[in-house]
Amino acid sequence: MRVAVKTIDGIDSVAVSLNRGLVFIRLRANNRVTLEQVREVIRQGGFTPKDAQVRVRGTVVPDSGHLTLALPGIGVAFRLVADSQPPGVIGALDAARGHVVIVEGRVPETARGTGGPPRLEARVLSKDSMR
Amino acid sequence: MKRITLTLGMLWLLPAVAGAQLQEIRQTIFGMD
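Chains as they are written, first to last, in this note's numbering: chain A, 1 to 131; chain B, 132 to 164.
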C-alpha cells in the first residue's frame, strides 16, 4: 500500500504501520492532493480508511451559517465543526474569517460517494504568516 | 447590514492562495492485518 499511495502526485513520504493500523503521509509544497484521493487508493488496496488526523492550510470562509476551511486552488473545502474542541478554538475560528490559517484536527471516516464537504473537527489553529 | 452567503460552488471564485493544501495526514486503516 505504501507504494500505491506514493504514486499519488504530491506525496512526499509514506509510512505504513499495519500493527498500529496507521498510514502516515507527508505532502509536498503546492500539492493538490485531497484526502478522498488518498482514501480511495487505500480502499483499492483492500483496506477501509477510518478517521484521519490532518494538518491543512486554507482560508476560513462562512458558508450557509457554517465555517468552512477552503482550499480554492484545489476546489476542496472542509466544514469546520465545534465538536470536542477545547475552549478558545471556536472563537479563534470565528475571528479567523477571511484569513489563511493552518488547522490540525480530525476528519471522520466517510462512506464512498458521500456528498458534501468532509467535517474537520479542529483541535489546533494557527494563523499563517505566509500569504 | 447586507449579508452575503457563500455557497460551496462559489469556492472556485475565491482567489487561490498559494500553499492552500493538505500538509500532513495520519490515516487510520482497518483490514487485512
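One or more of the hints may lead you astray.
Okay, the calculated beta carbon distance ranges per label pair [to be verified]:
1) ALA95/A <-> GLU155/B: 22 to 28 Å
2) PHE161/B <-> GLY116/A: 19 to 25 Å
3) GLY65/A <-> GLY162/B: 21 to 27 Å
4) GLY162/B <-> ASN30/A: 19 to 25 Å
5) ASP12/A <-> PHE161/B: 35 to 41 Å
6) PHE161/B <-> SER64/A: 31 to 37 Å
7) THR159/B <-> ASP9/A: 20 to 26 Å
No lab work stands behind these hints: they were computed from the structure.
Ideal Cβ positions, reconstructed from N, Cα and C, are used throughout, including at glycine.
These are the hints, each one checked on the structure:
no.	hint	in the structure
1	ALA95/A <-> GLU155/B: 22 to 28 Å	holds (24 Å)
2	PHE161/B <-> GLY116/A: 19 to 25 Å	holds (23 Å)
3	GLY65/A <-> GLY162/B: 21 to 27 Å	violated (37 Å)
4	GLY162/B <-> ASN30/A: 19 to 25 Å	violated (32 Å)
5	ASP12/A <-> PHE161/B: 35 to 41 Å	violated (25 Å)
6	PHE161/B <-> SER64/A: 31 to 37 Å	holds (33 Å)
7	THR159/B <-> ASP9/A: 20 to 26 Å	holds (24 Å)
Going through the hint list in order, the structure does not satisfy hints 3, 4 and 5.
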